[in-house]
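Q: Given chain A, put chain B in place with the hints provided.
So the sequence lines, in the order shown, correspond to chains A and B. Using my numbering, the first residue of the first sequence is number 1, and each one after it goes up by one. Using my numbering, the first residue of the second sequence is number 1, and each one after it goes up by one.
To be clear, the hints were calculated from the coordinates, so they are not data collected in a lab. Don't take every hint at face value.
[What the hints assert, rightly or not] Pairs of lysine-lysine, DSS-like flavour, derived with a Cα cap of 27 Å: (1) A/186 - B/108; (2) A/97 - B/76; (3) B/108 - B/121; (4) B/30 - B/6; (5) B/69 - B/90; (6) B/76 - B/30; (7) B/121 - B/79; (8) A/89 - B/108; (9) A/89 - B/21; (10) A/97 - B/69; (11) B/90 - B/108; (12) B/90 - A/114; (13) A/75 - A/89; (14) B/108 - A/97; (15) B/90 - A/186; (16) A/114 - B/30.
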Amino acid sequence: MNADCDLHAEWGELFSALSTAFASGDRHTFIQTLDRLGEAREHALYRDLRELSGDLRLALEQFRLDSRLATLADKDIPDARVRLDHALKLTEEGAHKTLDLVERSCPLADRIAKQAAELIGPLRSVRAGLLDGTTHPESVGELLARLEDFLGVARRESEVVRGNLTEVLMAQTSQDLSGQIIRSVKSLVAEVARTLAHLSALAGNDPHEKTAHESLVSASANQGFGPAVPGLTSGAVGEQTDVDALLADLGL
Amino acid sequence: MNGQLKFLVVDDFSTMRRIVKNLLNDLGYKNVEEADDGSTALPMLQAGDFDFLITDWNMPSVPGLALLKAVRADPKLAKLPVLMVTAEAKREQIVEAAQAGVSGYIIKPFTAQTLSEKLAKILQTQPAAAKA
Numbered sequence: 001m002n003a004d005c006d007l008h009a010e011w012g013e014l015f016s017a018l019s020t021a022f023a024s025g026d027r028h029t030f031i032q033t034l035d036r037l038g039e040a041r042e043h044a045l046y047r048d049l050r051e052l053s054g055d056l057r058l059a060l061e062q063f064r065l066d067s068r069l070a071t072l073a074d075k076d077i078p079d080a081r082v083r084l085d086h087a088l089k090l091t092e093e094g095a096h097k098t099l100d101l102v103e104r105s106c107p108l109a110d111r112i113a114k115q116a117a118e119l120i121g122p123l124r125s126v127r128a129g130l131l132d133g134t135t136h137p138e139s140v141g142e143l144l145a146r147l148e149d150f151l152g153v154a155r156r157e158s159e160v161v162r163g164n165l166t167e168v169l170m171a172q173t174s175q176d177l178s179g180q181i182i183r184s185v186k187s188l189v190a191e192v193a194r195t196l197a198h199l200s201a202l203a204g205n206d207p208h209e210k211t212a213h214e215s216l217v218s219a220s221a222n223q224g225f226g227p228a229v230p231g232l233t234s235g236a237v238g239e240q241t242d243v244d245a246l247l248a249d250l251g252l
Numbered sequence: 001m002n003g004q005l006k007f008l009v010v011d012d013f014s015t016m017r018r019i020v021k022n023l024l025n026d027l028g029y030k031n032v033e034e035a036d037d038g039s040t041a042l043p044m045l046q047a048g049d050f051d052f053l054i055t056d057w058n059m060p061s062v063p064g065l066a067l068l069k070a071v072r073a074d075p076k077l078a079k080l081p082v083l084m085v086t087a088e089a090k091r092e093q094i095v096e097a098a099q100a101g102v103s104g105y106i107i108k109p110f111t112a113q114t115l116s117e118k119l120a121k122i123l124q125t126q127p128a129a130a131k132a
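Only chain B is shown next, with the shape it has when bound in the complex:
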């Protein structure tokens, strides 16, 4: 585990952002920033040296799937690990997210253990996330 990793947590509900942030802190990741929509998240990602993106799907302006596609389309961000944490649970959506290049998919409500497992799995299989 690399405690230096910088996370961006995107969700339109501030309580959910706090929950994810607290869980990340418990896992030893102290460097966590927040955004409330895909539209505010993308400029932050482009400007900051984030190592990991955790995003909701259903957001008012730019939803998570559009953010994921924008990230994958940006050469600088294309390899960024993206974990979707969302209440969207339709099979077609999960398939769509996978096709758009999502690194992991968690459905709400979720447990601390699920988040920990998915993070570990993504960080293991996507060494690009490890800081140089």
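Here chain A stands alone, though its shape is the one from the complex:
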């Protein structure tokens, strides 16, 4: 029925003009109308062809996006997870290395401080004794020997602490490595977002339309949001003093 209507709308006028010219034997009009019919037929053919090539282009685009998405899903994203795991491992190792060195250095610094403190008393009493002539030469010798021992220990252990500090410095290089990995994953995430947006646009979605799933992706307050990210996290306090002020308001 519909096709009949289309047929009439499309060809009816030309066809009746043609048959009228034929019936009345008007050769000139008949040929002219026949030419117009031919042109119209050609035009319709081109239009169909254009539509077909448009569909083909869309299909190819879709296919390209689909195959890119497939690569992203099958390879790039699993790769990114492995890379992020590695970044996590690097930062963890760096932090543990630093903690090891700090734990090794603290007792050394403590020992130097303790031994120095223990020498102050004897040093003062020998000096006072030297002033009033009560100090025995032997106690001076004994103090000097203790001082020499201490200086030896202090020099040795300070060097160890100094070496540990250099290693602490070097342990921070993990930040550089993990930073590079995080940056590469960041660009991958951007590509996934772009590809999905293209696909969504091909499917006829309005990119500016708010979708219901937005509320689903946000973390729940109970589980925690993770560290506040400047420019991304809303409603976060800035510093510990803000927390203290807020808690004070709540009577804590």
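A: Frame of chain A, contents of chain B only:
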């Protein structure tokens, strides 16, 4: 300061546990145990005579807020001082923690001095923490 106090430090990151443990040691608290999640922490709290709980919020299985609520709901643990040390910094979360009965709240990154101050304040205002 009472060096005999027994602490439980709960955080899913072992480095953060070590940092807090080292800071506590520096402050003279040598009796410190660790747990990596609220789910492992709660049985430890129920079984051991802990005097102080320091917990993270964002943990995989049982988060800190749920642990805090579980502690407050347990008659044996209800009075345990709980200090939250967390990267969670939203106002609504701090209010929620306060309403759930947190004793103190520190946001990461934090300093040794902040930890020392908050501990001192809690121990001063919550004598229940002092060992009999």
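Q: Now look at each hint and say whether the structure bears it out.
A: Against the structure, the hints come out as follows:
1. A/186 - B/108: Given that 27 Å is the threshold and the Cα spacing comes to 24 Å, the pair holds.
2. A/97 - B/76: Roughly 39 Å separates the two Cα atoms, so the pair is violated.
3. B/108 - B/121: OK: residue 108 of chain B and residue 121 of chain B at ~19 Å, within 27 Å.
4. B/30 - B/6: 8 Å, holds
5. B/69 - B/90: 19 Å, holds
6. B/76 - B/30: Answer holds: residue 76 of chain B to residue 30 of chain B is near 24 Å, not above 27 Å.
7. B/121 - B/79: 16 Å, holds
8. A/89 - B/108: Judged against 27 Å, a Cα distance of about 20 Å means the pair holds.
9. A/89 - B/21: The hint holds at about 21 Å.
10. A/97 - B/69: Judged against 27 Å, a Cα distance of about 35 Å means the pair is violated.
11. B/90 - B/108: 12 Å, holds
12. B/90 - A/114: 44 Å, violated
13. A/75 - A/89: Holds, because 21 Å separates the two Cα atoms, which is no more than 27 Å.
14. B/108 - A/97: 21 Å, holds
15. B/90 - A/186: The hint holds at about 25 Å.
16. A/114 - B/30: 19 Å, holds
In the structure shown, a violation is registered for the earlier hints numbered 2, 10 and 12, in ascending order.
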